[in-house]
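Q: Take a look at the letters that make up each chain.
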Amino acid sequence: MSASWLIRRILLIAYTLLVVSLLVFGITQVLPADAAVMLLGENATPAALAAVRAKLGLGDPAWLQYWHWLAALLRGDFGMSMRTGQPVGPTMLVALSRSLLLAALALALMLVFAVPLGLAAALRRGKPIDLAAGIVSYLGVSLPEFVTATLLLLLLADRLHWLPATGYVPLTDNPVDGLRHLGLPVLTVSLVLIAHVSRMVRSETIDVLHSDYIRAARLKGLSPRRVLFGHAVRNALLPVITIVALDVGYLLGGIIVVEEIFAIPGIGRQLIVAIESRDLPAIQAGALIMAATYAIANFLADIAYALLDKRIRYD
Amino acid sequence: MIPILDIDGYTLEYRTRAGAVRVLDEVSLQIAPGQVLGLVGESGSGKSSLAWAVMRHLPGNAQELSGAIRLDGEDLRSMGARQLEAVRGRRIGMVFQDPATSLNPTLSLGRQVAEVLARHRGMSAAAAWQAGIEALRHVDLRDPAALMRRYPHEVSGGEKQRVIIATAFACRPELIIFDEPTTALDVITGARILELFRRLREETGVAGLYISHDLALVSRVAERVAVIRRGQVVEQADARRIFRAPTHDYTRALVQAVPRPERRLVTDGPGGPTVLAARGLGVAYGRARLFGGKPVMGARGVDLELRRGEILGVVGESGSGKSTLARAFSGLARFTGAVVFEGRALASPRQMDRAYRRAVQIVFQHPDASLNPRHRVGALLARPLRLYGGAMAELPRLLEQVRLPPDYARRYPHQLSGGEKQRVAIARAFAAKPALVICDEITAPLDVSVQAAVVELLLELRRRHGTAYLFITHDLSLVRQIAHRIAVMRRGELVDLLSVDALGSEAVHPYTRELIAASPTPVG
Amino acid sequence: MTDVVFRLLRTPQGAMGLVILVLIAAICAIGPDIAPVDPEKIDFLGRFRVPGAAHPFGADQLGRDVLSRLLAGARTTVPMAVAATLLGTLSGAVIGTVSAYLGGRWDEAIMRTIDAVMAIPGLLMALLVVNTLGKGSLNATLAIAVAFAPGMARVTRSVSLAARRQDYVSAAIARGEGGAWIVFREMLPNVVAPVVIETTIRVAFAVALFATLSFLGLGAQPPASDWGLMVAEARPFLHQAPWMLVAPGAAIALTAIGFNLLGDGLRDALNPRDER
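Chains as they are written, first to last, in my numbering: chain A, 135 to 449; chain B, 48 to 571; chain C, 321 to 596.
Worth flagging that the hints you see were computed from the coordinates, not collected in a lab.
Ideal Cβ positions, reconstructed from N, Cα and C, are used throughout, including at glycine.
A few of these clues could be false.
What the hints assert, rightly or not - Label pairs and their calculated CB-CB ranges: (1) B/Glu540 <-> A/Leu208: 48 to 58 Å; (2) B/Gly91 <-> C/Arg425: 42 to 52 Å; (3) B/Asp190 <-> A/Asp211: 51 to 61 Å; (4) A/Leu156 <-> C/Leu343: 39 to 49 Å; (5) B/Asp190 <-> A/Arg359: 31 to 41 Å; (6) A/Ser337 <-> C/Ala373: 20 to 30 Å; (7) A/Arg314 <-> C/Pro556: 17 to 27 Å; (8) C/Gly498 <-> A/Leu156: 32 to 42 Å; (9) B/Ala402 <-> A/Gly160: 49 to 59 Å; (10) C/Gly498 <-> A/Trp139: 53 to 63 Å; (11) B/Asp190 <-> A/Gly160: 57 to 67 Å.
Unchecked claim - Quick look at which bits of chain A chain C covers, simulated, 3 or more residues with Cβ under 8 Å: (12) 155-163; (13) 211-223; (14) 273-282; (15) 337-347; (16) 374-387; (17) 390-400.
Stated by the list, open to error - Over the 12 Å line for every Cβ pair with chain B, so calculated as not near, a few chain C residues: (18) Leu329; (19) Pro332; (20) Val339; (21) Val342; (22) Ile354; (23) Leu365; (24) Val414; (25) Ile430; (26) Asp487; (27) Gly496; (28) Val512; (29) Arg555.
Whole structure, please, built from the sequences with the hints as guidance.
A: Structure follows, in structure tokens:
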């Protein structure tokens, strides 16, 4: 990994954010025929409409509106919420921190289950465990989060009372209760990830186990355990890094849904609230921050891959 | 004396959806201490299955019906998994066909050598590493200590194969199995690997099972040769005798198919006007990128010409630019200099008009890739007829010309064998009634006997139509049988262009001489 | 065509997927006609009736028959998801093919931009678009199409480039074929199969995404019996009447599984080299 690669990769993130900002701004503020009417509804008074137009600079040409918005963004100013009158940036970042905790726990849970499950399925191909893993992954990939979430809610909270149904308790207030409240949302979003990633681990492992160098390792007299852990697992898991990074997109989408269902004040819920109340600056900030999260996650995955895989030279 | 390896009446079947397929049928072979047995067969003959059977590494659907496999008197078939681990790598070493895929790409070379020593000789990690350095030094690798820390993608194919050989010899095994160890390597690199093997044999006195499709090569490394066909050993004899006096019909056919420079297949000389010429032809690959990277020269300054009915052989190692030449002539690569056709100098692929495209046809190395898998054979052949103005009624005759039945027109390429597919590709080229056909390694993926038949077909088509060939190959012996002149390429440059009779003379380039020396020719 | 169906039926996933999807297609076609009760018939006396003879899947908070609503709702859920995917695939395929065709710097610029657009998660993109266009099924369909286009552009481009590099294309160029022949006769047949497979699997995502939008209140609007909306409406009554939730949830899952299975089956059936 060379410095020039890093610089290019960082420039790429900047380009990504530029494109995303253009799109977000374009879709939310430029595309609507009259953003002020869209925000306030058909029955708004002319005075209220004029006030909104002035506030958002809707009279200006589109590029100038964008430029003002972007310039403010670069100063760290995401604008004022039209719902609460508070600065949007800090609110969104606090919400993001809660969502990141949820995402991190989901990723951790995913790793704990998906990797062993995928490996076991690959090693016992065609056996009951493989079949079971296959069914689980079909279900996980096919069930939308809101269905999984409500079913888990029904089962684990409503019937078995193992976990609290909804709500959010900050970890700083009460770590145990905080984690218990995160239980259902984490379980929900990790299920899709487990389903997808275990399937990838399985197919990558099968490919690697069929490779010439694994045969060569076996024919050197290494024990099956050494062949598996010394030669196969590492190579099978490397491509999974990239897949997990791409899955962060699904994860973020899933987070929007589960935060709404389980009433967790994360960035997803903020976004839904903003969309429901047509709070334009909040929508723009939320979308941009989510896309940035995705871009940075993929950047980190690239670095991890480069450090772990000796074949790839980024120069 | 107990043989090192004793295979006795061994029969193996694979269970498939279509029923049981017998891959080895009552095979009996013995290898005495210090002896090397060559096992020769074409693809699908069961020769590799025999190696897996000895290594006790058979696929799940394998069924061993009878026979014994004994290593120094001990029955390998009755050994448990633990005992076998102690045999593999320790008492039987193995060298594989493709060094590029036989080393783990994410582990250092050192680790892959040292782990065998640690496993079988109970060495500590540090001692195994030191012994690994010695093992690499012993196979003539330069700076072995530094090499130990490098990764497979950082070294050449020849170096990788040496590392694998060092690993195989590291624990002083009683038997080494070689599975086509030079097939994936360039001719000169392969010859050096064989030299190394010869030296290590003398030093260690190891016994060997050398598996190959190449009868000429095997006759040079082995004392005895066994010929296997459809799972049956049809003949077993002294290596010298098998060439001089083959007894079985199949062996005789194989011997006949081995290309021998002294047995010319083309007797008439080239005649008539020039068909095509290159003047200062050069091809650059890649483009200057925004961040670093400069174009690579695929070929430069090539001058040559072909006359009507002439066969010009182009030889060289991979990356020497011989295929680049083919791409330039067929308008697939932009070039500098000029291609001269019918008195006109063409400066770019754009100037190659329909008459040129028709006159100059190309046949690619892999028919699997060059025949569109979604078109039937009939549609594949009809296209050039339509394009260059031929009658559809010619279609059956085209197939017949390459000795395929007319009903093959309804088949898809994947329903044909490798040799048949290549015949379709040849038929497609001849549908255009070309003046020149460029053959880019077209016999490389084929078995020897199939290769001989394809070459014979090409020569017959030439007799009939007076076609010239630009015959690109890495097989010098083959090209010496058929070519009028030979062009030797190295690193994008034409180092020699001479008549085939002049190859033995003193005037040749040193590199050409090295190529000749490295080409396997049969003994006896 | 019949050949492909025949081969599809020979793969276990393909056969299962096909059976599920034929069933669902039938429900889409004649669902409202075979519904035992009018799906919008309100019956206050029969609120939250437990599944039984009268209501096989129970009744909802307004006493409407869940089975009838389910049968009627297929029509508003599945065809929309299919349409959204097709629209997204088509626009993505055009972008991807153009990018592969242009090649060089243009290709690089287009693909970098596509990557950047893909940094916006699919659901978020759909939310933004629906927010602008307004709630409703049709807008949700458009939103999903927009969300799918970049991914399909990537897939199409990579398979086109792979086909472009094949020797049979080189052979066609060497033969002096025109651009149209090379694109439509040599490349396209080899590009279509992977794109069809990818599209099929994406319909499963579209079904989930469409239902999610309805669930969030941005897709189909009451009193429609869209499956996602049914789950959303059932949520407050989770404790009293779980069947209200399980039935549409299972319907969504079954549809998605059907398309996933069909996609995996097609992967085997459309491979020309696969002899069976």
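Q: Confirm or reject each hint.
A: Hints, verified against the model:
1. B/Glu540 <-> A/Leu208: 48 to 58 Å: holds, 55 Å
2. B/Gly91 <-> C/Arg425: 42 to 52 Å: holds, 48 Å
3. B/Asp190 <-> A/Asp211: 51 to 61 Å: With a Cβ separation near 59 Å, aspartate 190 of chain B and aspartate 211 of chain A satisfy 51 to 61 Å, so the hint holds.
4. A/Leu156 <-> C/Leu343: 39 to 49 Å: holds, 44 Å
5. B/Asp190 <-> A/Arg359: 31 to 41 Å: At roughly 34 Å between Cβ atoms, arginine 359 of chain A and aspartate 190 of chain B fall inside 31 to 41 Å, so the hint holds.
6. A/Ser337 <-> C/Ala373: 20 to 30 Å: At roughly 47 Å between Cβ atoms, alanine 373 of chain C and serine 337 of chain A fall outside 20 to 30 Å, so the hint is violated.
7. A/Arg314 <-> C/Pro556: 17 to 27 Å: Since arginine 314 of chain A and proline 556 of chain C have Cβ atoms about 23 Å apart, the given range 17 to 27 Å holds.
8. C/Gly498 <-> A/Leu156: 32 to 42 Å: holds, 38 Å
9. B/Ala402 <-> A/Gly160: 49 to 59 Å: holds, 54 Å
10. C/Gly498 <-> A/Trp139: 53 to 63 Å: Check failed, 41 Å falls outside 53 to 63 Å.
11. B/Asp190 <-> A/Gly160: 57 to 67 Å: holds, 59 Å
12. 155-163: Coverage by chain C holds here, the residue count being 4 at a Cβ distance below 8 Å.
13. 211-223: Result for this restraint: violated, n = 0.
14. 273-282: Three-residue rule met by the stretch 273-282 of chain A, so holds; n is 8.
15. 337-347: violated (count 0)
16. 374-387: Answer holds; 4 residues pass the 8 Å Cβ test.
17. 390-400: That given contact holds, which follows from 4 residues of the stretch 390-400 of chain A lying within Cβ reach (below 8 Å) of chain C.
18. Leu329: At about 17 Å from chain B, leucine 329 of chain C clears the 12 Å cut-off, so the statement holds.
19. Pro332: holds, 14 Å
20. Val339: Check passes; 23 Å lies beyond 12 Å.
21. Val342: holds, 27 Å
22. Ile354: Non-interface label stands for isoleucine 354 of chain C: nearest chain B Cβ at 41 Å, farther than 12 Å.
23. Leu365: It holds; leucine 365 of chain C is separated from chain B by about 61 Å at its closest Cβ, greater than 12 Å.
24. Val414: Correct as stated: the minimum Cβ-Cβ distance to chain B is 22 Å, above 12 Å.
25. Ile430: Holds, because the least Cβ-Cβ distance between isoleucine 430 of chain C and chain B comes to about 16 Å, which exceeds 12 Å.
26. Asp487: violated, 4 Å
27. Gly496: violated, 3 Å
28. Val512: violated, 9 Å
29. Arg555: Correct as stated: the minimum Cβ-Cβ distance to chain B is 48 Å, above 12 Å.
Checked against the numbered hints given earlier, the structure breaks hints 6, 10, 13, 15, 26, 27, 28 and satisfies all the rest.
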